[in-house]
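Enquirer: Sequence:
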Amino acid sequence: MLISFSLLGKYLEVLAKVWNVKKSVHLVQGTLHPDVIKPCPLPGSGRTHSHAIKSHHNVGGLPKDMKLKLIEPLKLLFMDEVRELWRILNVPQAFLQRHPFPRPGLVERVLGDVTEKIPWIFNARLMRFSSNQPKMLENGSFWALR
925 MLISFSLLGK YLEVLAKVWN VKKSVHLVQG TLHPDVIKPC PLPGSGRTHS
975 HAIKSHHNVG GLPKDMKLKL IEPLKLLFMD EVRELWRILN VPQAFLQRHP
1025 FPRPGLVERV LGDVTEKIPW IFNARLMRFS SNQPKMLENG SFWALR
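If you want my numbering, it's the position in the sequence shown, counting the first as 1, plus 924.
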């Protein structure tokens, strides 16, 4: 949790100093259901939980007194369900098939009220991001960026 507390602290500090944000801010995370399920240990292992699955996620580790309102819209979905949702929303195929990575690589920060236009802002940025990414080949591999 050291990384998440450090990142969160720096994030709040920048919001307060640079952008003069004093009121409540929303933190939207892409937490998926497997991130919050307590994995079962192997039978006979003597463990109370698995040490190999999802141990890198920062689920449930945010401070109770943080001034951010946590929003996790995908928390009850599995990755195949998220990909289906993305298909419905016309997210580019290359983005649908990318491999996940354990860091905040797709972090979006939107200052202001959470309104109906926020998904459209994110979608426009996602499309711009996707158009700059390597193109997927038919076999699922990618061209490298030059």
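Take the hints with a grain of salt, since some may be wrong.
Claimed, not checked - Subject to a maximum C-alpha distance of 27 Å in a straight line, what follows is the list of computed BS3-like cross-link-like pairs (lysine-lysine):
id	residue 1	residue 2
1	LYS999	LYS934
2	LYS934	LYS991
3	LYS993	LYS941
4	LYS941	LYS988
5	LYS941	LYS999
6	LYS999	LYS988
7	LYS988	LYS934
8	LYS993	LYS934
Calculated from the structure, these hints are not laboratory results.
Enquirer: Give me the numbers of the hints this structure contradicts, sorted from smallest to largest.
Expert: Per hint list: single violation, 5.
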